[in-house]
Amino acid sequence: MKIGMYEGKPTFITVHNDQLWGTAIATYRNIDEILADWISFQESFLLNLTDEDVLNDDNAKLLDPEKLELPIQHPRQLPAIGFNYKDHMKEMDITLPKKPNVFNKFISSLAGPNNQINLSSDTVDWESELVIVIGRGGRNISREDAEDAIAGFMVGQDLSDRNLQSIDGPSTQFTLAKSFKNYSPVGPYLTTMGSITDLDSQSVVTKVNDETVQDAKIEQMIFDVQTLIAHISSVIELYPGDLIFTGTPSGTGVGRDPQVFLKHGDVVESTIDGLGTITTKVN
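In full-length UniProt numbering, the protein residues as written are 1 to 283.
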């Protein structure tokens with residue numbers, strides 16, 4: 001099942017004939033409330049609700065994808081993972097990590113799936129990522145129990161100011177470089193854990209001005225979703241609604257020769273099979 005924010009309301013969404021259809025969820029004000037009540041919500045809605053139920057609901061209506069809003073508006077934390085695809089390590093000339101490389105993104109950088117940015121410098125780069133949405137949360141979650149903590153997944157962009165990121169040389173400034181206004185768009189909706197059958201075989205694809213610049217299977221991640229949740233929760237508590245950015249594959253602008261960065265007028269589209277597409281336009 002897919003759950004998005006549309007016209008200020010949490011909405012069940014289904015894809016039918018390449019169109020989005022939705023019906024508002026009257027019992028909650030937003031998806032943040034749904035995630036705070038995740039166990040009860042699953043029992044009340046998700047166990048029996050189907051895409052056909054949404055499509056055939058008397059109140060179902062055709063949705064405009066460009067009007068989809070930021071799905072989760074107030075997560076407590078935005079942990080992010082660097083260096084999590086082998087090919088990306090190769091293009092960056094970095095040794096494979098022994099454990100997940102975790103940093104934090106500031107919440108004020110969050111944006112919705114139809115995004116616009118102002119460039120912070122002439123070295124702003126694209127990164128498309130799988131984003132984990134925490135449902136149950138907790139501390140010291142085992143790898144075996146990790147899936148029980150997940151509400152679902154979204155598409156994310158981890159837009160990065162490479163100049164600021166490397167201003168201190170080896171001591172990278174990940175957090176600030178990736179936290180400018182609207183540098184962390186996510187969406188277009190939450191796709192629930194139970195509705196995804198083979199996540200690892202799906203592709204993370206980035207297009208800049210319709211040119212494909214990134215294309216990699218999620219199975220190429222060095223540390224998979226379960227490992228990331230176990231590792232992060234061994235240190236910090238994960239809360240419902242937290243978003244974990246899981247890293248980007250090869251094909252970034254900084255890894256090219258010569259290097260290429262975003263410029264005014266560019267359009268960045270990030271797609272993951274089954275999870276949808278988000279777009280950032282550069283002002």
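The set of hints was computed from the structure by calculation and includes no laboratory data.
Source: prediction; values computed, not measured.
One or more of the hints may lead you astray.
[To be verified] Lysine-lysine pairs mimicking DSS-like chemistry, simulated, CA-CA at most 27 angstroms apart:
no.: 1; residue 1: K217; residue 2: K9
no.: 2; residue 1: K86; residue 2: K9
no.: 3; residue 1: K86; residue 2: K98
no.: 4; residue 1: K9; residue 2: K99
no.: 5; residue 1: K181; residue 2: K263
no.: 6; residue 1: K207; residue 2: K281
no.: 7; residue 1: K181; residue 2: K61
no.: 8; residue 1: K217; residue 2: K90
no.: 9; residue 1: K217; residue 2: K207
no.: 10; residue 1: K207; residue 2: K98
no.: 11; residue 1: K9; residue 2: K263
no.: 12; residue 1: K9; residue 2: K90
no.: 13; residue 1: K99; residue 2: K281
no.: 14; residue 1: K281; residue 2: K98
no.: 15; residue 1: K217; residue 2: K61
no.: 16; residue 1: K99; residue 2: K67
no.: 17; residue 1: K9; residue 2: K281
no.: 18; residue 1: K98; residue 2: K181
no.: 19; residue 1: K99; residue 2: K263
no.: 20; residue 1: K99; residue 2: K61
no.: 21; residue 1: K263; residue 2: K98
no.: 22; residue 1: K281; residue 2: K67
no.: 23; residue 1: K98; residue 2: K9
no.: 24; residue 1: K86; residue 2: K67
no.: 25; residue 1: K61; residue 2: K86
For each hint, the structure was consulted:
Simply put, K217 and K9 have alpha-carbon atoms about 33 angstroms apart, too far for the 27 angstroms limit, and the pair is violated. Of the pairs offered as hints, the one joining K86 and K9 is violated, with about 40 angstroms between alpha carbons and a cut-off of 27 angstroms exceeded. The suggested pairing of K86 with K98 holds, with an alpha-carbon distance near 12 angstroms, which does not exceed 27 angstroms. Distance check on the hinted pair: K9 and K99 sit about 39 angstroms apart at the alpha-carbon level, beyond 27 angstroms; violated.
With a C-alpha separation of about 16 angstroms, the suggested pair K181 and K263 falls inside the 27 angstroms cut-off, and the hint holds. Restraint check for K207 and K281: the C-alpha separation of about 12 angstroms stays at or below 27 angstroms, so the hint holds. With a C-alpha separation of about 32 angstroms, the suggested pair K181 and K61 falls outside the 27 angstroms cut-off, and the hint is violated. This hinted pair checks out: K217 and K90 have alpha carbons roughly 16 angstroms apart, not beyond 27 angstroms.
Proximity of K217 to K207 is assessed by CA-CA distance (about 15 angstroms); at most 27 angstroms being required, the pair is judged to hold. Taking the CA atoms of K207 and K98, the gap is near 31 angstroms; set against the 27 angstroms cutoff, the hint is violated. Using a Cα cut-off of 27 angstroms, the hinted pair K9 and K263 is violated, with the two alpha carbons roughly 34 angstroms apart. For the given pair, K9 sits about 43 angstroms from K90 by alpha-carbon distance, which is inconsistent with the 27 angstroms threshold.
Proximity of K99 to K281 is assessed by CA-CA distance (about 34 angstroms); at most 27 angstroms being required, the pair is judged violated. For the hint pairing K281 with K98, the CA-to-CA distance comes to about 36 angstroms; that exceeds 27 angstroms, so the pair is violated. Between the alpha carbons of K217 and K61 the distance comes to roughly 33 angstroms, so the proposed pair goes past 27 angstroms and is violated. Note on K99 and K67: the hinted pairing is violated, with a Cα-Cα distance of about 39 angstroms set against a maximum of 27 angstroms.
At most 27 angstroms may separate the alpha-carbon atoms for a hinted pair to count; K9 and K281 meet this at roughly 25 angstroms. Between K98 and K181, the direct Cα distance comes to roughly 32 angstroms. Violation of the 27 angstroms bound is thereby established for this hinted pair. The hinted pair formed by K99 and K263 fails the criterion: a straight-line CA distance of about 34 angstroms is larger than 27 angstroms. For a cut-off of 27 angstroms, the pair hint linking K99 to K61 is broken: about 46 angstroms separates their Cα positions.
The suggested pairing of K263 with K98 is violated, with an alpha-carbon distance near 35 angstroms, which exceeds 27 angstroms. Annotation: proposed proximity of K281 to K67 holds, straight-line Cα distance about 15 angstroms (limit 27 angstroms). With a C-alpha separation of about 43 angstroms, the suggested pairing of K98 with K9 is violated against the 27 angstroms cut-off. Using a Cα cut-off of 27 angstroms, the hinted pair K86 and K67 is violated, with the two alpha carbons roughly 36 angstroms apart.
Taken as a hint, the K61 and K86 pair is broken in the structure, with Cα atoms around 43 angstroms apart against an allowance of 27 angstroms.
Hints 1, 2, 4, 7, 10, 11, 12, 13, 14, 15, 16, 18, 19, 20, 21, 23, 24, 25 from the list above are not met by this structure, while the remaining hints are.
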